[in-house]
Every structure is written in C-alpha cells, then in structure tokens.
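Protein chains in written order, with the working numbering: chain A, 1 to 249; chain B, 1 to 249; chain C, 1 to 249.
Honestly, the hints are just simulated from the structure, not real lab data. It should be emphasised that the depicted structure is a prediction, and the values quoted were computed from it without experimental measurement. Watch out, some of these pointers could steer you wrong.
Identical copies look the same in the list; a pair holds intra-copy or inter-copy alike.
Result set (DSBU-like, lysine-lysine): computed pairs, CA atoms no more than 35 Å apart in a straight line [said to hold, decoys possible]:
1) Lys214 <-> Lys16
2) Lys192 <-> Lys216
3) Lys129 <-> Lys40
4) Lys208 <-> Lys50
5) Lys230 <-> Lys16
6) Lys208 <-> Lys37
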Amino acid sequence: MRELVHPSSYVHPNAKLEENVEIGPFCIIHENVILKKGCKVDAYCELGVKTPLSNGSPLVIGENSIIRSHAVFYESSHFGDKLVTGHRVSVRENTFAGKNLQIGTLSDLQGDTMIGDYVRFHSNVHIGKRCTIGNFVWIFPYVVLTNDPHPPSNILRGVTVNDFAVIATMSVILPGVTIGEGALVAAHSAVKSDVEPEMVYSGSPAIKICPAGKIKLQDGTRRPAYPWNKHFFRGYPVEVIDEWNSNHE
Amino acid sequence: MRELVHPSSYVHPNAKLEENVEIGPFCIIHENVILKKGCKVDAYCELGVKTPLSNGSPLVIGENSIIRSHAVFYESSHFGDKLVTGHRVSVRENTFAGKNLQIGTLSDLQGDTMIGDYVRFHSNVHIGKRCTIGNFVWIFPYVVLTNDPHPPSNILRGVTVNDFAVIATMSVILPGVTIGEGALVAAHSAVKSDVEPEMVYSGSPAIKICPAGKIKLQDGTRRPAYPWNKHFFRGYPVEVIDEWNSNHE
Amino acid sequence: MRELVHPSSYVHPNAKLEENVEIGPFCIIHENVILKKGCKVDAYCELGVKTPLSNGSPLVIGENSIIRSHAVFYESSHFGDKLVTGHRVSVRENTFAGKNLQIGTLSDLQGDTMIGDYVRFHSNVHIGKRCTIGNFVWIFPYVVLTNDPHPPSNILRGVTVNDFAVIATMSVILPGVTIGEGALVAAHSAVKSDVEPEMVYSGSPAIKICPAGKIKLQDGTRRPAYPWNKHFFRGYPVEVIDEWNSNHE
C-alpha cells in the first residue's frame, strides 16, 4: 500500500503504513513509525526521528489523522485517532495523547507528557516536559507550560491541567502548578500557584477574579460563557455533545 | 517562462507564473496560484494550499515580491506588489494586503484579515482572524492580536489597528479593541480597551501614559520620536516620503 | 569526502566540508560555507544564505556540531566547536559564538551579535541585533532581547547579558539594558533598567526582589539554587566543572 507515497519522499521499508495512508512530497518516514489507516501526512514532514531518550517504542499515529506540513515527530510517542496538526509542529519522545488532539501551527511539545482526549492546542503553544493535561482542555497561542522551579536545575515539576480548563493567550504557568477543572486563566497571566476549579484567574502573578460562570456570552443572550461546553460544540462528535447535554440536565 | 524553476520543485501546470518568476529548490506551487512578474520564491515553500474555507479564488502575489524559505501560503489570499517575507511564515486564506507588506520570520496570519499598504510585521507576530490593519502600521515580535472574547466560543471580534500605529514586543491585544492612529503600545502590555490616537499605552492591563510625542529620540537631538515618520524612512519609496514631508509642513 | 551527503541534497562545489561531515536529505549548502570535521546537518537545512548585509566572510560551523532539521543559517557567521541546535532555528549574518552554544527549536537570532562559550538558548528565543551575551548564560523559552528604544527608529541599543545570568520564560529585555553576572530574571518579566549581579528581578516593570542565593533548591537539601553552577553540571565538560569546583572552594 505504498502507492499513495509521493515519489520525492523517503519511507523506510520497515515503517508500517496501513491502508489509505497518504504521504506528501519531500517527507522522511523513519523505521520506527506506525501510521494507522487513513492518515494523511503533508509535505516536508519528518516522522520517527531517532533519539537516545526514547524507550525504543515506535511513533504511533492513530487512524484518520492529518499532519500538516513541516512537522517533526520523534519516535516513542503515541497518538489516538484523528490527530490534527497545523504546520511546523515539533513533538518529542514519550508524548502520549488520546483521541482527536489538535496541535496548532508552530507548537512545540517537549515530550514526557500525558494528554487526554479532545484537547486543543492553538498556534505556538509550548508544553514543557512532565506536564499532564486532561480531557477537553484548551490552550491558546503563546502559552508556555514550564517545569523547572529554579532554572537551570535537575528538578522538573510539570504542570497539571485538568478537564475543560482554558488557558488564554500568552500566559505562563509556573512549575508544579495545577489548573483546576473548568478554570479559565485570562490572557497574559503568570500563574504561580494552583488555580481553583471553575474560577477565573488573571494578572501577573495571577489572582482569583470571580467564578467563570460570571462571564457572560457576548452573543446578545447574556448566558454564562462558562462552562464553555454548554454553548460551543464545533469539532466534537455527536456522542460527546450528547453526553455533555445529558450531564447538563 | 518556467526556466527559472528549480528542477527539484513541483509547479502545477495550471499555476500562473509571469515573466522572471524564480522558484527555488524543493518548492510546491499548487494549481490555484498567480505569481506576478519578478517574484522570487525561496526553498521549501508551499504556495496555494487548498482549503475548504477558501472561496475558490487564487492566491495572488504581487510583482517583485520575495517569499523567503519554508513559507506556507493558502489559496484565496491577495497581496499587492513588493511583498517581502522572512522565513517560515504561515498565511491562511482570505488575507488581503496592500502593497509592500513585510512579514517577519515565523509570523502566523490566520486569515480573514484586511491589511493596508506598507505594513511591517516583525518576527513571530500572530494575527488572529477578523483583524483589520491600516496603512504604515508596525507590529513587533511576539505580539498577538486575538479575537475571541471568551474562548472557546463562536463569537469572533477582531482587532482594528489604525494607520501609523505601533505595537511593541510581546503585547497582547484583546478582542474587539481598536488601536488609534499613531498610537504606541509599549512592550509587554495587555490591551483590554480601546487605545486613543497618538497616545502611549503600557502595562497589563495597559493604561494611558502620555502623548506619544513626549517620547524623545535618543539620537542626541531630543526631537520627538513620534510620529515616527518624521525621522524614519528606511524601506519606503521616495513618493511616500515626499508625501509625509509635505504633510508635516 | 562527499560520500556522507544525502543524494537529494545540493552542496555547492565550493562549500568546504571537512572529514566526516554528514548532510541529511533535502539540504542546500551554499558556496560560502565551511563545515568543520564531524558536523552533522539534518534534513531540510539551508546553510550559507547570501545577503547584502554580509561582509563576504563564510558561515563557519565548528567541529562536531549538530544542526537539526529545518535550520536556516546565513553566511558571515562563526560558531565554535560543538554547536547544537534544535529544529527550525534561524541565524542571520554576523553572529559570532564561542564553543558549545545550544540554540533551541524555533529560536531566531537576528545577527550582529556576540555570544560567549557554553551558552544555552532554550526553544523560541529571539535575540535582536546588537546584543552581547557572555559565557554560561541561560535564556529560556519565549524570551525576547530587544534593541530599538522607540520603534521604529534608526537607533539600535542592544542588550548585554553577563556571564552565568539566567533569563526565565517569556521575559522581555528592553533596549540597552545590562543583565548583571549571575542575575536571575524571573518568568514573565519586562526588564526596563539594568539588573544588578546575583540579584533576582521580577515583574513588569521588573524590580529587584532579593539576592539569587536566597532561592532554595527544591530537592530536599534547601541548598541555595544560585549560583546554579554549584549544583547543575549536565552537558558541561569535565574541565569546566573542575574549574567551577575549584573556584567555589
């Protein structure tokens, strides 16, 4: 099933491409890679880069994923079905993600990270090593999750982001911080201590502002803007939306 | 006129390359692209990426433009003459820009954006959808123009930046904000409400500091540093500078 | 000694590749380049880009360096031995660096810069023109060193960072500022005036907080975290560590 590989690309004979995998021009697919059926890899991507920091396991990309151009993925990471990336993403070893992760253009995942289902990273997100990210999390452009409490050192304390939390543009989350479920970190914040669930934090250092539900939708209805999954459904499958709706009753 | 295409590149036979267009190595020029005369496209660029979000119109690059290496441009955008880009720029559909736009290395234009003439984006600028940018605007590194007042949601309120405004390094402009003509947003600011013309704003949240004309040039003359077009002319054509000088009289 | 050049790559016949230089797929090595022995250049790199701003001297990469994929280096820069880069780094002309510089993924060095020995730039660091960086400096992700005191203008005042200084994530250093030896700039700071040696600065604008030595290592010992070279040795050669230890006595 190699007829969908562009003739300018190099695919190692041991790489495992399932049916209907498409590989665009100028790609390099190394040996230790499994691309499940229906994956589409655009131009200039290099998948399965070898590293001494890997455990030897392959890079696995789930079914029907789309990897846009100029991506670099190392070996020893695992993505569920329907991964979607923007351009120029970098993903290091030991990144384990559930289904339908979206990684925006220029994002940089440093590896040693656990990521749940249906997570969205917008453009230019930096995820330091040892972070743990729940389900349905949103992280917006130029957000950095850090890990070293007194750089440089050998102590790495990753950030934990719980389900449905939202981190807005250009915020820094300091090492070891936990962002509570459904919380909102406002744009341009520096978060130095834990964030309570369903609360808004803002500032540098970020302080608690109000319950997230106090923010009103600017759509004329003045319904609460949070929890966001009461009004925002784009890109989620019907079964997920149905479950959300049943929980809200 | 395809003799200036590097033999390693792929140019779709329907792409329209006017005279003296040069295409460097390892490029991909898709079908729905018009490169006007004298354009130079460096290595590893992909132009005219298809998207269901396009209206079917081509990517048009004006005369004598320079697109540096590793760029990604989608179809359905239009640039005036003398576009100049740095490396690794990403430009999505429905971006409409006047003449002599400069887009710095790593900048990411998300599309659905109107941009005037002679605009300068420095490195690593992020322009969210639905922004409107005037003429002679300057935007410096790591600035983000946002658009969603309560992310994630379906409400998009772009930022408006008026003529001659300057946004300095690592500032975030919140959704729906208007930056007045000739205003200066200082570095590392978070702008949450409208900025008056010809004023300096700074801080997080940004507040009004003083008239921009109060900032003195550090060149020994102590002339006002703003309006900047009284002393800074590099890269503008003679007819523009002449017009500026006549307006200043 | 061209047998280690991937057949898909273009190496100008005048480029000087010393013994055991390896060039990965889809690379472009221009004429004005010297790669010293043992260098390894990964895929999609373009080295020696011509520019009218160069002085005509070659790009020189020291022995046993590793340049990871998608890099762009201009001519007229010089790197000591054991340069190591991440992916997608951009380095402009007239950058002069000592030995064992590390440049993280997505970093953007604008040129006209002096850099000492054993400097570490993490991911996505932006070094404006005219900066001067000492030895053993650490700069973390999304830090920007600026240079124009009233942008846009013709006055460029670079930043100076002295030996052993550390600049943490997403800080901006304003033009002309000097960061003292062994100082620490905390994350998400905007530094507008000089930083004293061995002090911690934080905030926007950054203010002096305390001596760096007051920060304790979170490893159970509660030893001081600074100077960091009393406890952090990873990646430095034995002779350097020996010298540090003898100085500490």
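Hint check:
In this homomeric assembly, Lys214 and Lys16 never come within 35 Å of each other (Cα to Cα): the closest approach is 50 Å inside a single copy and 53 Å across copies. For the identical chains of this complex, Lys192 and Lys216 are neighbours both inside a copy (27 Å) and across copies (16 Å), given an alpha-carbon limit of 35 Å. Taking identical chains as interchangeable, the C-alpha atoms of Lys129 and Lys40 lie at most 35 Å apart whether they share a chain (27 Å) or sit on different chains (26 Å). In this assembly of identical chains, the alpha carbons of Lys208 and Lys50 never lie at most 35 Å apart, being 44 Å within a copy and 44 Å across copies at closest.
For a Cα distance limit of 35 Å, the shortest separation of Lys230 from Lys16 qualifies neither inside one copy, at 41 Å, nor across copies, at 47 Å. In the homo-oligomer, the alpha carbons of Lys208 and Lys37 never lie at most 35 Å apart, since the shortest distance is 46 Å inside one protomer and 56 Å across protomers.
This entry does not satisfy hints 1, 4, 5 and 6, going by the numbered hints stated previously.
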